[in-house]
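From just these sequences and the hints, can you work out the full model?
Each chain is listed here by its residues.
There are 2 protein chains.
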Amino acid sequence: MAEAAAGIRARFGFGGEAKTAVPLAEVEVRAPRLKAPEAFGDLFTADKYERVSRAMGKAYRDVVRGFYGRFENPPDLVARPRDRSEVETVLSWAEAEGAAVIPFGGGTSVVGGVEPRLGDRPVVTLDLRRIDRLVEVDPTSLAARIEAGATGPRLEEQLRGHGLTMRCYPQSFEYATLGGWIATRAGGHFATKETHVDDLVELVRAVTPRGSWESRRLPGSGAGPSPDRMLLGSEGILGVITDAWVRVRPRPEWKAAATVRFERFGDACEAIREIVQAGLDPANCRLLEAAEAEMTGAGDGKSHLLLLAFESSHHPVDAPLAIALAAAKDHRGIADEPRYTAPLTGRKIKQGLRNRPTNEEGAPKGDDSAADSWRGAFFLAPYLRDTFVACGVLSETFETAMTWDRLEEFHATVMETARRAVAEVTGTAGEGRGAPLVTCRFTHAYPDGVAPYFTVLAPAIRGGEVEQWDEIKAAVSEALIDGGGTITHHHAVGRDHRPWYDRQRPGPFAAALRAAKAELDPAAILNPGVLLDP
Amino acid sequence: MAEAAAGIRARFGFGGEAKTAVPLAEVEVRAPRLKAPEAFGDLFTADKYERVSRAMGKAYRDVVRGFYGRFENPPDLVARPRDRSEVETVLSWAEAEGAAVIPFGGGTSVVGGVEPRLGDRPVVTLDLRRIDRLVEVDPTSLAARIEAGATGPRLEEQLRGHGLTMRCYPQSFEYATLGGWIATRAGGHFATKETHVDDLVELVRAVTPRGSWESRRLPGSGAGPSPDRMLLGSEGILGVITDAWVRVRPRPEWKAAATVRFERFGDACEAIREIVQAGLDPANCRLLEAAEAEMTGAGDGKSHLLLLAFESSHHPVDAPLAIALAAAKDHRGIADEPRYTAPLTGRKIKQGLRNRPTNEEGAPKGDDSAADSWRGAFFLAPYLRDTFVACGVLSETFETAMTWDRLEEFHATVMETARRAVAEVTGTAGEGRGAPLVTCRFTHAYPDGVAPYFTVLAPAIRGGEVEQWDEIKAAVSEALIDGGGTITHHHAVGRDHRPWYDRQRPGPFAAALRAAKAELDPAAILNPGVLLDP
Chain C
999 MAEAAAGIRA RFGFGGEAKT AVPLAEVEVR APRLKAPEAF GDLFTADKYE
1049 RVSRAMGKAY RDVVRGFYGR FENPPDLVAR PRDRSEVETV LSWAEAEGAA
1099 VIPFGGGTSV VGGVEPRLGD RPVVTLDLRR IDRLVEVDPT SLAARIEAGA
1149 TGPRLEEQLR GHGLTMRCYP QSFEYATLGG WIATRAGGHF ATKETHVDDL
1199 VELVRAVTPR GSWESRRLPG SGAGPSPDRM LLGSEGILGV ITDAWVRVRP
1249 RPEWKAAATV RFERFGDACE AIREIVQAGL DPANCRLLEA AEAEMTGAGD
1299 GKSHLLLLAF ESSHHPVDAP LAIALAAAKD HRGIADEPRY TAPLTGRKIK
1349 QGLRNRPTNE EGAPKGDDSA ADSWRGAFFL APYLRDTFVA CGVLSETFET
1399 AMTWDRLEEF HATVMETARR AVAEVTGTAG EGRGAPLVTC RFTHAYPDGV
1449 APYFTVLAPA IRGGEVEQWD EIKAAVSEAL IDGGGTITHH HAVGRDHRPW
1499 YDRQRPGPFA AALRAAKAEL DPAAILNPGV LLDP
Chain B
999 MAEAAAGIRA RFGFGGEAKT AVPLAEVEVR APRLKAPEAF GDLFTADKYE
1049 RVSRAMGKAY RDVVRGFYGR FENPPDLVAR PRDRSEVETV LSWAEAEGAA
1099 VIPFGGGTSV VGGVEPRLGD RPVVTLDLRR IDRLVEVDPT SLAARIEAGA
1149 TGPRLEEQLR GHGLTMRCYP QSFEYATLGG WIATRAGGHF ATKETHVDDL
1199 VELVRAVTPR GSWESRRLPG SGAGPSPDRM LLGSEGILGV ITDAWVRVRP
1249 RPEWKAAATV RFERFGDACE AIREIVQAGL DPANCRLLEA AEAEMTGAGD
1299 GKSHLLLLAF ESSHHPVDAP LAIALAAAKD HRGIADEPRY TAPLTGRKIK
1349 QGLRNRPTNE EGAPKGDDSA ADSWRGAFFL APYLRDTFVA CGVLSETFET
1399 AMTWDRLEEF HATVMETARR AVAEVTGTAG EGRGAPLVTC RFTHAYPDGV
1449 APYFTVLAPA IRGGEVEQWD EIKAAVSEAL IDGGGTITHH HAVGRDHRPW
1499 YDRQRPGPFA AALRAAKAEL DPAAILNPGV LLDP
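Protein chains in written order, with this note's numbering: chain C, 999 to 1532; chain B, 999 to 1532.
No lab work stands behind these hints, which were simulated from the structure alone. The beta-carbon is built from N, C-alpha and C at its ideal position, and this holds for glycine as well. A couple of the hints might just be wrong.
These stretches of chain C come out as covered by chain B in the derived footprint (C-beta under 8 Å, 3 or more residues) [stated by the list, open to error]:
id	segment
1	1231–1237
2	1503–1509
Calculated cross-link-like contacts (lysine to any residue; reagent style SDA-like; alpha-carbon spacing at most 20 Å) [said to hold, decoys possible]:
id	chain 1	residue 1	chain 2	residue 2
3	C	1253	B	1276
4	C	1191	B	1201
5	C	1300	C	1265
6	C	1046	C	1029
Given below as structure tokens:
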């Protein structure tokens, strides 16, 4: 950690000596206000570590409080059901006790989605990670029934035995669960087309206080408003998602990738716009601003980098890459040498085969140094947050979506707002070494716009990190909403985004959601405070 | 009409002499039970023709009743607002009068979606077709704000001036409106990827009794359950859709198409499955069973026909067609000579240009004889329904969706059920000339399944057509639901599909929808009886 702190100082010109987190033994935690009947056996636990480790998510404001041992809102009990009937048991018992229930997957929320900020009301955190099986595979339709508590690695490991993959790789991949992805409309692997887990869901099953919710397993339907779309993004307020049928696919055998450098950011935007409006649907189409590329080690800070990749389990994808690169060239993009991957056998792989060799990589691996560097940084970033906290570096990421026509002004305003807020809050400004960093990348691209993702790194004022973070968060959230954006493209709403989400959603929709919630959860036990007032 | 009747007899071996519809003058219609204050001017009308022509949709059971002059449930008044504030006026006045309000676009519902089956309750039918402007075009993001009452031709005509098209061509294209498409989750032009209008919507605006509902214009979002997805498929029960931002595109300049013949239906299914699971996303990928191909004049009745087409406004699409045809060949498909279309200029057309030449076709035109024949039949079929009624031919179409793994058994069961029901109801059976026809096509294809669409033609017993139709409808709907399908892939639920829709949807979802409706529409004025009990 001392070396990390030195490295951070060398690289960014800010950050202090590494401090040490308050050890668990020194953490003071409120005594549980609930006691589970012994008849429930080990379904509930009041163990200190179990409670503390589920007291918050992974936002900077969570990690920094954890670092200082400030666990202000620990759940009173943690429930760890083994099956659906135990989920029902937990809900019934909690309702009888007047307790709230917070569904918990990987605990990777960066929006306060799992923190029991409920004052005097007792709380059970319902951890679903024991319910994590691959229940059934349909290799013909390329779909699988998977339990909600399966983490990314756990579900991929089970699918691998069938030669299949879900290819849903949010940054939280290692810890987050399928149920959490569905409840929060997680963003996945694909930069275009199937950008959210929404697009991969065939059927969702949930337990509500009003009974079991199970949609039909269908490739498509037009029968009334989609029931699945009401659970997607419901963040636990309507029911506890227990399992789902999701679309899977054979692992890609053919890949074609290239990195394109742009001098001007506007040119890069135009290139992306042409590529997605052409319907090319690249699997990767991520734009790193020069400063972001430098920060993640993918670039030299002089060029903006567009990471382009196509993939297929069925046929070579050289042709669409060539079209995309021609479009990029028309906008003054300079591509490096494209990289192609073909299957080892050289033969076409037919779909739906069982028992395919399992020697393929479990996690997405890179095609070239820039993409590799970026991808490595992408999956490491959540862990770095811990290091930053220890070293006195304030960090925040926030993300949104915007149509092309308003993008330039919106992007400039948000960047400027973030810079100003950071300067005011941390007392540092300017450019170059020692100045705070505000950088941007585009994580997803649509025919009608993109999802910009912003990163803030600045020197923290130790002891005041939460207040600093809250101020920056408020300023940039105002900018997102005032500028016509969404408060979140794939991080969810939780508790931290509530004020801006409330302004974003249509009033009658809020009233409808409130009524739906009251109907299904009349005692308001399910994740109170998320999306709606507790 | 006499010639049509003879032609039908010659072709199918059943059907009688053409009879004449009861003329409007002889139709007896209940006196209006509402009277609009004169202050409203011509906002409301009680004119007989206006009321009668909005008394039903276009299902066979509607057309046959209209033919016999049986307008059992005419609206008491027809409102024709010119703008959003007049929509609000209609809702307020109707609520004060205790009247129901049925939002009405093209009146092309085939599921009883616009028929006021409300007994003693007075009804205003709210026709939105005067609210039909293209309000704004964003050529950069390829999106347009269009008012809900614009019919297919009307919106395409306005977009054409900008060199753009929505390319949403449901069979109801000529009459149906954008608002109707959104309210019913209409199926569009594309056989894969963007199969429903759902996928084209950026923002929806509606008037509810509780106020204005307006989502944000975004390319994507993850902020809570999607508000748009709650209005999509809401069939008028939550609010009156007044306008929407939708995705549009330049007209396709490059096309590549081919028709593939298959001896075995199973082979054709496997070919489609491989093509869609490969991620090729053809614009057209419709399979006509041999009998359906013969009926529509697209084939000789010996082969099953797969109509394949790719299109692009950006680049040639020969390559994906070649891959798809190779897949089809692997499954014993025999393709005719592919047909390619390139832009007249031979130059690449850049996106987002305004004032493009408008000499392009307004409606989808064919690429070859089989596809032309089928497409001609597709757009003519709704009109033929009138002719069939006059000639004593019973006709019905119904549609669903099913995953690949269960498709073969499901398809066989539904076909057998339809044949048995038709035989029982009409007293005719068997094969060949004079026997009823039950045929199938696949209208949309997904990686995990397809949307089968069934057509029934049989001799009607004159005077008993509605009862015959209801019996067949009930039998096939049971088969769809018992077999795990959806009661509708893109025809909507309306009143006719209610019993099966009620079985299909998750119980807690129904409760949530009911609560949402009660919140937004406490006097239950909006399209009562559709989706939920009145």
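Evaluated hints:
1. 1231–1237: Since three or more residues must qualify, the claim that chain B covers the segment 1231–1237 of chain C holds, with 5 doing so at under 8 Å.
2. 1503–1509: Since three or more residues must qualify, the claim that chain B covers the segment 1503–1509 of chain C holds, with 6 doing so at under 8 Å.
3. 1253(C) to 1276(B): With a Cα-Cα distance of about 13 Å, the restraint between residue 1253(C) and residue 1276(B) holds, given a limit of 20 Å.
4. 1191(C) to 1201(B): Roughly 18 Å between the alpha carbons, so the hint for residue 1191(C) and residue 1201(B) holds.
5. 1300(C) to 1265(C): holds, 14 Å
6. 1046(C) to 1029(C): Within the cut-off at roughly 9 Å; holds.
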